[in-house]
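Participant: Dock chain E against the given chain H, drawing on the hints supplied.
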Amino acid sequence: MKVTPRTMEEAQETEARELLERRAARLREQGETAVEEAVHWIAEFPLGEERYALSLETLRAALPLKMVSPVPLSAPHVVGVLRFQGQVLAALSLASLLGGHGWRQDPAVLLVVDRGDGELCALDCEAIPRPTTLPMSAVEAARVRAEGPVMEVFTQDRQLIHLIDLKRLFASRGTGGRNAR
Amino acid sequence: MPVDPLLQGLVAGFAVEAQEVVQKVTMDLLELERDGLETDALAKLYVRLGRHLHTLKGSAASLGMQDLSDIAHKLEDALAPLKANPQKMPRPVVDILLHGLDLFMLRAQAHADGRGDALPDPAAALAQLVADAPPPEEAAAMGAPAGNTAAAEAAAAIASPPPSPSPSPAAAEPEALAESADSGWRVSARQVTSLMREVERLREVRLRFEERGRELDRVVTLLAKQGLLAETAEARSLLAGTARTLRTDGEETGDIVEALEEGLKAITTRPVRTILDPLQRMVRDLSRQLGKEARLSVVGSEVSLDRRLLEKLQGALVHLLRNAVDHGLEMPVQRERAGKHHEGALTMRVEQQGNLLYLECADDGAGIDLDRVRKVAEQRGVVTAEETARLNDNQVRDLIFRAGFSTRTDVTDTSGRGVGLDAVRASVEALQGRIEVASTPGQGTRFMLTLPVDLGSSPVLVVRVLEQLVGLPMLAVEATQLARADALRLGKRRAHMEYQGQLLPVVDLGARLGLRALTPPAEGQPLLIVQSGGKRVALAVDAVVGDRDLVIRPLPSEVRDVPAWQGAATLSRGELLLICRPDWLVSDTEKTQVVAQRRALVVDDSLTARALHRAMLEAGGFTVHLAASGARALDRLQTDTYDVVICDLDMEEMDGTQLIAKLRERRETAALPVILVSAHDSAAARERGLAAGADGYLSKRECAAGRLLAEVLDVMSRRGNRA
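Protein chains in written order, with my numbering: chain H, 248 to 428; chain E, 743 to 1465.
Pulled out of the complex, with its shape left as it was, chain H reads as follows (with noise of 0.2 Å):
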């Protein structure tokens, strides 16, 4: 028999319950039919005509693509440098050091990350990443078969992510500095 609600209230509170219910079985249900997998968090951008990828836990920060100052005779991948939380920190053109030609859009923020070595530097990018996860197993992997900075990895949507090695990629360069003239 069903049990009529008297009032108002007592009719909201019945329909709570009753969705709470739902939610907890829904859950139950999950646990014992599937084992939750192994996630990497990443933050992900378009490069170009790409989608591209840093470890979230690299990120620092996203910041406002400006105050950078240029260096003049500098390497061609930095942009300049800037200053952020006290530090002086170089602005580097990720896509120059991918050794990519440009993006589809003027990049308009920076993201300051650790570059592996416990230095920071600022990357920029077209707009600020987006954050998500890979399947850890799918990550590994990629990085056994990858030789260079950027692990190619599919994500459970069969979409092609390039996710960025920051120590690789750093550890591949040599010094910023170009021949004065």
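Be careful, since some hints might not be right.
Said to hold, decoys possible - Straight-line distance between alpha carbons at most 25 Å, and here's what the computed SDA-like set of lysine to any residue pairs gives:
| # | chain 1 | residue 1 | chain 2 | residue 2 |
| --- | --- | --- | --- | --- |
| 1 | H | LYS313 | E | VAL947 |
| 2 | H | LYS313 | E | LYS1007 |
| 3 | H | LYS313 | E | ASP1392 |
| 4 | H | LYS414 | E | ALA1172 |
| 5 | H | LYS313 | E | ARG1315 |
| 6 | E | LYS1007 | H | GLN334 |
| 7 | H | LYS313 | E | ARG1258 |
| 8 | H | LYS313 | E | LEU944 |
| 9 | E | LYS1234 | E | THR1383 |
| 10 | H | LYS313 | E | THR1383 |
| 11 | H | LYS313 | E | ARG954 |
| 12 | H | LYS313 | E | ARG939 |
| 13 | H | LYS313 | E | VAL1204 |
| 14 | H | LYS414 | E | SER1299 |
| 15 | H | LYS313 | E | VAL1287 |
| 16 | H | LYS313 | E | ALA1172 |
| 17 | H | LYS313 | E | ASP1347 |
| 18 | H | LYS313 | E | GLU957 |
| 19 | H | LYS313 | E | GLU953 |
| 20 | H | LYS313 | E | VAL961 |
| 21 | H | LYS313 | E | ARG950 |
| 22 | H | LYS313 | E | LEU1208 |
| 23 | H | LYS414 | E | GLN1174 |
Simulated from the structure, these hints should not be mistaken for lab results.
Facilitator: Frame of chain H, contents of chain E only:
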């Protein structure tokens, strides 16, 4: 001899004070040993010496260190006969007194370390001092003029019986103790450094105060321009008052920052002379030991540096000076034969420019024998014969910094083990500095050390070249002048300026930084006389903005090796100002001039787009100059010529099509190839761009796909064919 436990706490402070007094006594003794001093100067030196020794005696006695007091008393006795009749101090007497001071300090340090109990009887120490003293008649014969017995008496005083009872503690002069009794704090370097960072932040806050004040002034002016004078009178008056208060607060903050900085500097730095003065003694002792004569002159010993840096540098400087005496200077006879003074000249020069420290250690000896260096390097297996054959003179000279290199065939106390200059280089590089050597056969050798220092602020002259602000350490700027045709000598390749009877090369900062093509200075253009390491140039800039007191921070690793820059400082709006290295500015520019073959001007209001286009075009062999707006591009095209212009379509104020229209109006640029770059990828946008007179049109997507260089070459080729 044990010290009263109640006084033990003061002994450590005494040892520190005593070290300083002993250092002063040492310097005076070395001065007294030299020729050519006037009697008045001699008398003053003797009086000062006596006073210092008396201070040592009294302070030691007041702390119950009778042994030290006795030694000081003995030294006073030795001085007395010479003091009565001032004359050059004979070398053996100087030796004895120096030895006595060493003994004094050894025992003082032992007391400070609580090892006073273990010290031998003071009588034994005094006996040792006596034993080391030459016979009085010998000392007199060596130094004093015939018939003068003062020196003999001085030596005899050392050998006399132990002194009479020392003065009572009450009678002793407590001046040296007064400060040591003052207790202090022990703080870690990290705590002080973090305090300094806070002071730097406060300095930046002060700069922001100034900027806010200027903004308020602008608001008041703007309100006045609106025409509503009566309606805004109260608001304007209020704002003007706030601006005034803000300025006063800013000035007060400035005073606080100055005081804090001064205080921190006093805590964290000490004058370079504190490490250089003791080296005088070392040079004297070593040259005597080697049968040579040497005199060390120090320039810039008053410069104050971080104590930690000084401690780390001391070893390197000792190595360099020992090396100069041992390897650099010739024996007195050889020097005279070569027409030099028998006494070798060693010079230590210290100079701080901004956050860079320049240290130079020079001798006027025989110079580095490159053939010998080559031969020894091969013999010792430092390099192979094939390798030496490929080395130029500079590279051969640099072999002396390699581990295991030494031209000494015998191992002495001083050198010959092949350890020294490589250790010097390692310690300089550990401080992120660098060391270079220059040498002229028969004339001498110079070691030049450049080290970063990051304490406190320093005066910087801010100049502008095109849109770029550049800082110059004020110490490197001798004068500022305006270019006058009658003072300029224009040659085919470069200009010179007559300055104080000298012809100085004119360096165009814009061209030197690769921002524009080399242009001779225009009438009235500011020219700065910049000096570094004895070289001077006239630096042409577009404007002198003013001087600022700024904290110069080191550059990040990505740009640290660019030789033009030594650091960056924060300006009032938070933007960074790059500080130029004066030694780079004055370095020879002849060989670094690049002959441009193809030149491109990139016009884009996006910093990153400019950087990317530059990277691609430079990779294609172009010399690239940049402009951040259409107006700036037109300015550049007034003075420079380019083979191609790459221009962003969507720019504020003047867009790409407007710029093209202006270019086509002018005869000189009417046929200049222009490529438009845009985020718009539609056929309509492309058509519009080409219709405006562009020779090519690329979307950012096409640029990203690597089309830029090909398009530039294609457009240039088409224009060339048409011409």
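Participant: Give a verdict on every hint.
Facilitator: Here's how the hints hold up against the structure:
no., hint, result
1, LYS313(H) - VAL947(E), "holds (20 Å)"
2, LYS313(H) - LYS1007(E), "violated (34 Å)"
3, LYS313(H) - ASP1392(E), "holds (18 Å)"
4, LYS414(H) - ALA1172(E), "holds (24 Å)"
5, LYS313(H) - ARG1315(E), "holds (12 Å)"
6, LYS1007(E) - GLN334(H), "holds (21 Å)"
7, LYS313(H) - ARG1258(E), "holds (24 Å)"
8, LYS313(H) - LEU944(E), "holds (23 Å)"
9, LYS1234(E) - THR1383(E), "holds (18 Å)"
10, LYS313(H) - THR1383(E), "violated (30 Å)"
11, LYS313(H) - ARG954(E), "holds (19 Å)"
12, LYS313(H) - ARG939(E), "holds (24 Å)"
13, LYS313(H) - VAL1204(E), "holds (21 Å)"
14, LYS414(H) - SER1299(E), "holds (15 Å)"
15, LYS313(H) - VAL1287(E), "holds (22 Å)"
16, LYS313(H) - ALA1172(E), "violated (35 Å)"
17, LYS313(H) - ASP1347(E), "holds (12 Å)"
18, LYS313(H) - GLU957(E), "holds (20 Å)"
19, LYS313(H) - GLU953(E), "holds (18 Å)"
20, LYS313(H) - VAL961(E), "holds (24 Å)"
21, LYS313(H) - ARG950(E), "holds (18 Å)"
22, LYS313(H) - LEU1208(E), "holds (19 Å)"
23, LYS414(H) - GLN1174(E), "holds (23 Å)"
The earlier numbered hints that this structure contradicts are 2, 10 and 16.
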